[in-house]
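If you want the building blocks of each chain, they are given just below.
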Amino acid sequence: MSADTLDQTTVEQIKASLPKVTPRLSIEKAVWIWTVKAELAQTLDDVYEVGASMADYGRPIRFDTKQETFGLWSGLFSTATFSYFMYSGHDIYGFLTALAEAYTGIDRQWFGWGVPAVFALITLFWWRRRSNKEHKISYLADTLANKVAMFQYGLKEVDAAVVGRHINAFGELRRGNHERYIRNAHQGRHQGRNWSFVYEAYRLHYVDEEVVRTTGPDNEERTERRYHHYDRSGIMLPFPWVKGIHLCKGFETTLYPAPYTPASMQFNNHLHCRGVDDMTLARLLTPKMVERLTRAAQEIPGLCIEVNQEGQMLIACSDREVVVLPEDTRGNKNHDPRITPAGFNEFLHYRFTMDRLDALLRLADDLAAPYTR
Amino acid sequence: MELNTIIALVGLALVVMFVITTYNGIVNAKNAVKRAWASVLTQERQKNKILPDLQDAVSRYSEFEQSVQTQITELRSEVSKLKDSTPDVERLQTVEALSGKVLKGLQVTMEAYPDLKASDLFQKLMREITEQQEQIGAAIRIYNHNVEAFNNQIQNFPNNVVNSLLNREKEVETFTDTGASEGFEYQPNI
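Just so you know, the sequences run in chain order A and B. Quick note on numbering: the first sequence equals residues 1 to 373 in our numbering. Quick note on numbering: the second sequence equals residues 1 to 190 in our numbering.
Don't read these hints as lab results, they were simulated from the structure. Beta carbons: idealized from backbone N, C-alpha and C, even for Gly. Misleading hints may appear alongside valid ones.
[What the hints assert, rightly or not] Every beta carbon over 10 Å from chain B, so not counted as near; a handful from chain A, in silico: (1) LEU18; (2) GLY164; (3) GLU210; (4) GLY216; (5) PHE267; (6) ARG283; (7) PRO287; (8) GLU310; (9) ASP319; (10) TYR371.
[Said to hold, decoys possible] Cross-link-like lysine-lysine pairs, in silico, DSS-like; alpha carbons within 30 Å at most: (11) LYS49(B) / LYS243(A); (12) LYS49(B) / LYS34(B); (13) LYS49(B) / LYS124(B); (14) LYS249(A) / LYS34(B); (15) LYS29(A) / LYS156(A); (16) LYS249(A) / LYS30(B); (17) LYS20(A) / LYS133(A); (18) LYS136(A) / LYS333(A); (19) LYS243(A) / LYS124(B).
[Stated by the list, open to error] A partial selection of chain B residues facing chain A, derived with a Cβ cut-off under 7 Å: (20) ARG35; (21) ALA36; (22) ALA138; (23) ILE142.
Looking at chain B on its own, in the form it has when it is part of the complex:
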């Protein structure tokens, strides 16, 4: 076999190996995004298990705090609407905004009723919901990291060539706290 043929074959083998590695890399990154999303959902649903108990605990006290009850019901309904199959960042934003409101409302109710504040059960539930909210925060950050890695994977050259020809994956949206970003006058031009 001639030297030129060998060089061409080696070159071709390297290109094929690169394409396979890149293709699989994009598939793995996409799967990691899906897993991270599933983890966010798991944590949200875990929160949904605590909410009925919390609702029961405050129902006696918050007859004048109907808005909190309504918000909890709304939150439970929104969490149950989160889809397993595809990341639904918009709904997640709604859920997280509602969660913030519910926690704030519960704090206000707690301050208004000293015997509720002193209740061990309520304190335990509040600790659980706060802990769960922290777990959700961490799960969302992990999701965002994975999304960033996936987006880099499909946008960087020459991976974008392999993606446009074979994988045809689209950029995934990261989760942003719209409530928090609305508070800033500065908006980055990105």
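Bound conformation, chain A alone:
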């Protein structure tokens, strides 16, 4: 659920229907209300209100997981003990399986495998239950922090089709021989040193299908289809000065016929260039630009830059998501709502940086420098 994909009246109605969180409210209910409010937040103040409510709750935002932990350890202990008795051929194992066989009529060898399997399933069940509880808190904290970062960057979630409708106009978005689509898109405006532009940050999901032929023990040939799922992300922006270029390594597109190799060996180790004609690339790739792009390719993993025939630019990288806070921003125990909700509330008031997005925006700004000065 996101406030950007619901109409304003629905958002207001949902918000109005949510009860106020008081310290007497159960933690489960409180977390649910905060999560809904976080997802529906439309301004920084909305997020800060949730943070303040968490700080006012008066105790750490942590579920009671004693039951799950007990179940988890009991399951582990039982699995280990029974397995030990089974493999060591202990008398207890013989006695228990004989007893079970006598009562149920099921062959004892089934108990040898069945009982540890049941214990393992019980362990898995309690582990999943505990993880789900933990995940709810992490999800709430991440949603709030990401929302703050988004609002600070002036980003707004938009329909994925905003980028999706260009999917065939870019070689970069034509990845995957089975399936490809834009998972999400956010729109923002960036004021760089050289120019100001509106951009869409997106996440692309694509699937490669691999057909594997194997010969079985019966000499029969089998065809197996394997699907490999990948995610890439990047930004899309208007770039009216150059048309029809593709700078990338490890992914070639047939959209641009002319290859071009600049003089820098270092650059050529990181990026391969193709364009509608080599003059376009020769004009763009001045020594200064080659140096800048070499630095960018070293800094940004899986960097690909493409300007399509309509003058839309795509700067993509191999990160799953660019509109996301780096992991190390959130890992501090002084900002963990499970330990200190007040510390977490303070953390929400920090100025956040989305490093990868910043790197892509800086590059987009520098690429325009020769045309805007």
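Chain A is fixed; fit chain B onto it per the hints.
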């Protein structure tokens, strides 16, 4: 065929493949150095196209700044002497040192004549020459990177064996800013 013969043949094939790859690697690295040098020359000549306009623009004002005029003429002459065929690092050093002097001289002239400083044309030319100088700086850095890669290619073992037997290429000199390094008392013992 005996196992020993097969092993010997496979070994020989691997050695031949290595020699071919290394030989071609050295040729490619040398060509990359030549291309990078050509790029430096292109940028220097681009600068040479701006210089006459700049000279015209300041000629009215710098009647007392004859040294700048002389330096620009000298610079244009030095740039035209840069050879296409082989990297001429010494002359490039002279050109870059002169360029530095010309830019400095132009700044001084500009400060001395307020109406020149206010001139849009002069400002545009100064921006162009500064931008061009930055492009040359980048082209030289790219050239130096390529030279370093080439020198590594011919000096590292076992490439040096292939080079001494087949390619017979010599180490290429990198560009160093002698003017800047003269300012340091410290000189690395390399």
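Hints and how they fare:
no., hint, in the structure
1, LEU18, "holds (58 Å)"
2, GLY164, "holds (38 Å)"
3, GLU210, "holds (30 Å)"
4, GLY216, "holds (32 Å)"
5, PHE267, "violated (8 Å)"
6, ARG283, "holds (12 Å)"
7, PRO287, "violated (4 Å)"
8, GLU310, "holds (29 Å)"
9, ASP319, "holds (28 Å)"
10, TYR371, "holds (13 Å)"
11, LYS49(B) / LYS243(A), "holds (28 Å)"
12, LYS49(B) / LYS34(B), "holds (23 Å)"
13, LYS49(B) / LYS124(B), "holds (14 Å)"
14, LYS249(A) / LYS34(B), "holds (24 Å)"
15, LYS29(A) / LYS156(A), "holds (28 Å)"
16, LYS249(A) / LYS30(B), "holds (23 Å)"
17, LYS20(A) / LYS133(A), "holds (22 Å)"
18, LYS136(A) / LYS333(A), "holds (17 Å)"
19, LYS243(A) / LYS124(B), "holds (27 Å)"
20, ARG35, "holds (4 Å)"
21, ALA36, "holds (4 Å)"
22, ALA138, "holds (4 Å)"
23, ILE142, "holds (4 Å)"
Hints 5, 7 from the earlier list are contradicted by this structure; the remaining hints agree with it.
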